[in-house]
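S.K.: Given next are the chains, with one letter for each unit.
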Amino acid sequence: MFGGGANLKLAVSNIIKQYQPALIGVGTTCLSETIGDDVPLILREYILKNHDPEGPAVVSVSTPSYSGTHIDGFHGAIRATVDALAKKENPDAGGINLFPGMLSPADYRHYKEILSDFGARYQMLPDYSQTLDGPMWTEYQKIPAGGTPIKEIVAMGDASGSIELGRVLAKTKSAGKLLADKFAIPCHSIGLPIGIKETDLFFDRISAITGKPMPEKYVQERSRLIDAYADGHKYVFEARAVVYGEEDLVIGMASFLSEIGVVPALCASGGKSGHLKAMLRDVIDDFDAKGITVMEGVDFVEIGEAAKKAHADFFIGNSKGYKIAREMKKPLIRIGFPIHDRMGGARIVHIGYRGAQQLFDCITNTIIQCRQDASPIGYTYM
Amino acid sequence: MTVMPEKKTENEEDAKAWREIKPEDVKKTILAKYPAKVARKRSKHFVINKKKDEQNYEEIQANVRTIPGIISQRGCCYAGCKGVVMGPTRDIINLTHGPIGCGFYSWLTRRNQTDPSTTPDGHNFMTYCFSTDMQDEEVIFGGEKKLAQAIQEAYDIFKPKMISVFSTCPIGLIGDDIHAVTRKMQEKLGITIFGFSCEGYKGVSQSAGHHVANNGLFKHVIGQDDTVGEGKYRVNLLGEYNIGGDEFIIDEIFEKCGIKIVSTFSGNSSVDHFRNSHTADLNLIMCHRSINYVADMMEEKYGIPWMKVNFLGAKATSASLRKIAQYYGDQELIDRVEAVIAEEMVAVEKAQADVRPRLEGKLAMMFVGGSRAHHYQELFSEMGMQTIAAGYEFAHRDDYEGRHVLPTIRVDADSRNIEELTVEKDPERYNPRIPEEELKAEERHGIKLKEYEGMMADMEEGFTYAIDDISQYETEKMIEIYKPAIFCAGIKEKYMVQKHGMPMKQLHSYDSGGPYAVYKGAINFYYEIDRMINSKVWGHIRAPWEESPELTAMYADE
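Chains B and U, in that order, give the protein sequences. Mapping to the numbering used here: the first sequence position 326 is 326, numbers consecutive. Mapping to the numbering used here: the second sequence position 208 is 208, numbers consecutive.
Hints may be right or wrong, so weigh each one.
As the list claims (entries may be wrong) - Lysine-lysine pairs mimicking DSS-like chemistry, simulated, CA-CA at most 30 angstroms apart:
| hint | chain 1 | residue 1 | chain 2 | residue 2 |
| --- | --- | --- | --- | --- |
| 1 | B | K142 | U | K33 |
| 2 | B | K9 | U | K37 |
| 3 | B | K309 | U | K146 |
| 4 | B | K323 | U | K494 |
| 5 | U | K477 | B | K142 |
| 6 | U | K159 | B | K308 |
| 7 | B | K142 | U | K499 |
| 8 | B | K142 | U | K37 |
| 9 | U | K494 | B | K112 |
| 10 | U | K146 | B | K323 |
| 11 | U | K159 | B | K330 |
| 12 | U | K41 | B | K49 |
| 13 | B | K17 | U | K161 |
| 14 | U | K41 | B | K9 |
| 15 | U | K27 | B | K142 |
| 16 | U | K28 | B | K17 |
| 17 | U | K27 | B | K9 |
| 18 | U | K477 | B | K17 |
| 19 | B | K9 | U | K44 |
| 20 | U | K536 | B | K142 |
| 21 | U | K146 | B | K277 |
| 22 | U | K44 | B | K142 |
| 23 | B | K142 | U | K16 |
| 24 | B | K329 | U | K159 |
| 25 | B | K329 | U | K161 |
| 26 | U | K161 | B | K308 |
| 27 | U | K494 | B | K9 |
Hints in this document: simulated from the structure, not taken from any laboratory.
Pulled out of the complex, with its shape left as it was, chain B reads as follows (with noise of 0.2 angstroms):
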């Protein structure tokens, strides 16, 4: 009935004291953002009020449940943080922004390695590759380690490309593009890596800022891929997937489904963005002559029946698919986010060549397997 300032800032004094932290997020939530509570105002008062210098960073993003999907949230923090924090101090610091893309921590960890490799200095945000699957403590940390350090997010203002990740994205007002317009720094907006076409186009990417070629050992990994996929193709070709999720993973992994023989007959997604469609096609050469079912804003009801005109042979997506797969009798290749009945959802690589090469197999294996187990006599060559 009052407001929710008062709550809000005893919330951010107490945290302080607990949790001497060096920043503090606030998500808005239904509740707040209906009874028009000002976030950023209430938060600005407080910083007024108690000045202090050595105080934490505080930032804001407003995510009601009723607007848009997590995805929304998810990308909207990023460009929350790097508007508060940004700053162009050093113009000579150079580096690459890395807007990685909403990926399990072992894509985060596959991201850093790569850029390691080139020996780039980059800033990536998030990254959440420690924080959300990091090893045992060993004595009692307060706030986990890992994550962007927040020097870091400043000097994102003084980086000389942003790559972000996800090719709906693209088409969104995203920290890649504030920061085109704040600082002038190009943006290069590339779908998600996923399998070998988009995985070459981001280290096309890399090499153009840095200057640099592919290492050797991404040659190396690009090739073996190549190899499995002349030597499995046979095993996949003409199966046909459902393929669900947020809208750039759709994207990206239909891309891969296409390049390796198998028709993602039906790409479905929660999002609706308007460019899935479009963006399918770019992805997908022959995405007409396949006849692929594309479907926004549904839900899992919806594709449930559309899977069964799709006459799918397998799903691949998260976890909350299992019951239209379940009903059709047909495996569940589990990837995204979140997986919530299988062990390892966070060790799951999905990009790169590495991913590629891991989904590769995953999914011929599975295709292999429904084959033998269908079989009555129990043949061990198939």
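Put chain U on the given structure of chain B with help from the hints.
M.R.: For chain U alone, kept in the frame of chain B given last:
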């Protein structure tokens, strides 16, 4: 490579070291980190378990607002109503009116199981997530039309017997009248349709949602079907949510004893059973906090007495079964119950003897629910383990101190927000199941009715703690100081505890385990805890306190 010292799997020689630690010092040290005002408030929730007189334990503050900026275990009103009480129902379409997040994150996350084969229509909607998926425009222009459409759509597809609607924060704020919409749709479709005003901001925790759910079931469902079913001893089991299959094995034991469950609230339940639950002779309450309202109201309206039971722990199970038999006072039932107990206890005692040498004297902490932190102490003590600290997320004082404190509980504005139904005797169906004098005296055959002594009475005095709405910070300090062998809580605490290099058992969802109720479940639990505590994986980890053993000494010397 560092050579890790072998982790002791036998009783640590310092098993009694915790008794050297002075609880007053611990409390002082932990609260010292808070700003003075916060410390004063938290001090009332952080109680050393002591009797202050013959009858009463130290007063504990509970069911009041969490201090902003404290990382709390609590959930919201919607969680208590939709998730806890109504979530385990299978043949009701539970439709969340609100943005998608509320529905999505309460979608079958609680591991409540069900068996649709026990109702003729076999309806089971549990694996679905029903939501009106409110968007910005509906928040601006109102969502009543979308709600009516959603109800219609759900009806058309599933033809359910009942649809219930849950109101979320924005719905309450924009003023959608869910009750008007559901009334209209009920008239139109001819099935039971009603709404719960369980907006997340109501009350101080999920407890408010339990109350709202109880009211809704009582007003709209219980008493709709007067058919009296079979069975000589007919009971309802209240506050049992069939996590990991608990209800299934309680039912099995009941059947052995010849006791018939008319309806469970709400694990493995059906709306058919809710509807004629008022035909039972006796209400048994497992989770006192979440469901005592319905029991009270059923007594008022229909004359059904209630008693507190607990089927977690073999001893508690036997005591509860004996209580039920004694209540009926029928020698046949008493003998049958004794025979079942004797039969079941053979395996229980064997299992206890097996695990005790590996678990004796080890410490456990549990912070969960509004009854579970009490009930599970039974199981731990049967393994020879000591519960050093326990508390609830959403309990009220009576759950800690016992129902005799009820008249002294101050009702604040947050609790007054939740409707209290005025219940009167049903002119036709009121039928006292026992003589009115016994109902009034709250006692039959020496068995106390409507009685619950609370958690504190079952905990050792002087050395143990009852901590209400424990914060993450306090949790970490308690772990650091006492180094318990196991910590029990929910998913929000899971990773934080495991990162300390110690086992963590979820007592909301049971992780991947269960059932733990009655005898079979108790054995299951003993062995699971044994495997968790004595697992070889801990041999690869050195816990922080193994690196700096002076921690204990520090607190002991202070």
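S.K.: Hint by hint, note whether the structure agrees.
M.R.: Cross-check of the supplied hints:
1. K142(B) / K33(U): holds, 13 angstroms
2. K9(B) / K37(U): Judged against 30 angstroms, a Cα distance of about 15 angstroms means the pair holds.
3. K309(B) / K146(U): holds, 28 angstroms
4. K323(B) / K494(U): Roughly 26 angstroms separates the two Cα atoms, so the pair holds.
5. K477(U) / K142(B): holds, 10 angstroms
6. K159(U) / K308(B): holds, 23 angstroms
7. K142(B) / K499(U): holds, 12 angstroms
8. K142(B) / K37(U): holds, 22 angstroms
9. K494(U) / K112(B): holds, 28 angstroms
10. K146(U) / K323(B): Distance of about 26 angstroms is within 30 angstroms: holds.
11. K159(U) / K330(B): Since the Cα atoms of K159(U) and K330(B) sit roughly 27 angstroms apart, the hinted pair holds (cutoff 30 angstroms).
12. K41(U) / K49(B): Cα-Cα ~25 angstroms, so holds.
13. K17(B) / K161(U): violated, 53 angstroms
14. K41(U) / K9(B): holds, 18 angstroms
15. K27(U) / K142(B): holds, 19 angstroms
16. K28(U) / K17(B): holds, 17 angstroms
17. K27(U) / K9(B): holds, 27 angstroms
18. K477(U) / K17(B): holds, 16 angstroms
19. K9(B) / K44(U): holds, 23 angstroms
20. K536(U) / K142(B): holds, 27 angstroms
21. K146(U) / K277(B): holds, 28 angstroms
22. K44(U) / K142(B): holds, 24 angstroms
23. K142(B) / K16(U): Distance ~29 angstroms between K142(B) and K16(U) Cα, so the pair holds.
24. K329(B) / K159(U): holds, 25 angstroms
25. K329(B) / K161(U): holds, 29 angstroms
26. K161(U) / K308(B): holds, 28 angstroms
27. K494(U) / K9(B): It holds: about 29 angstroms lies between the C-alpha atoms, which stays within 30 angstroms.
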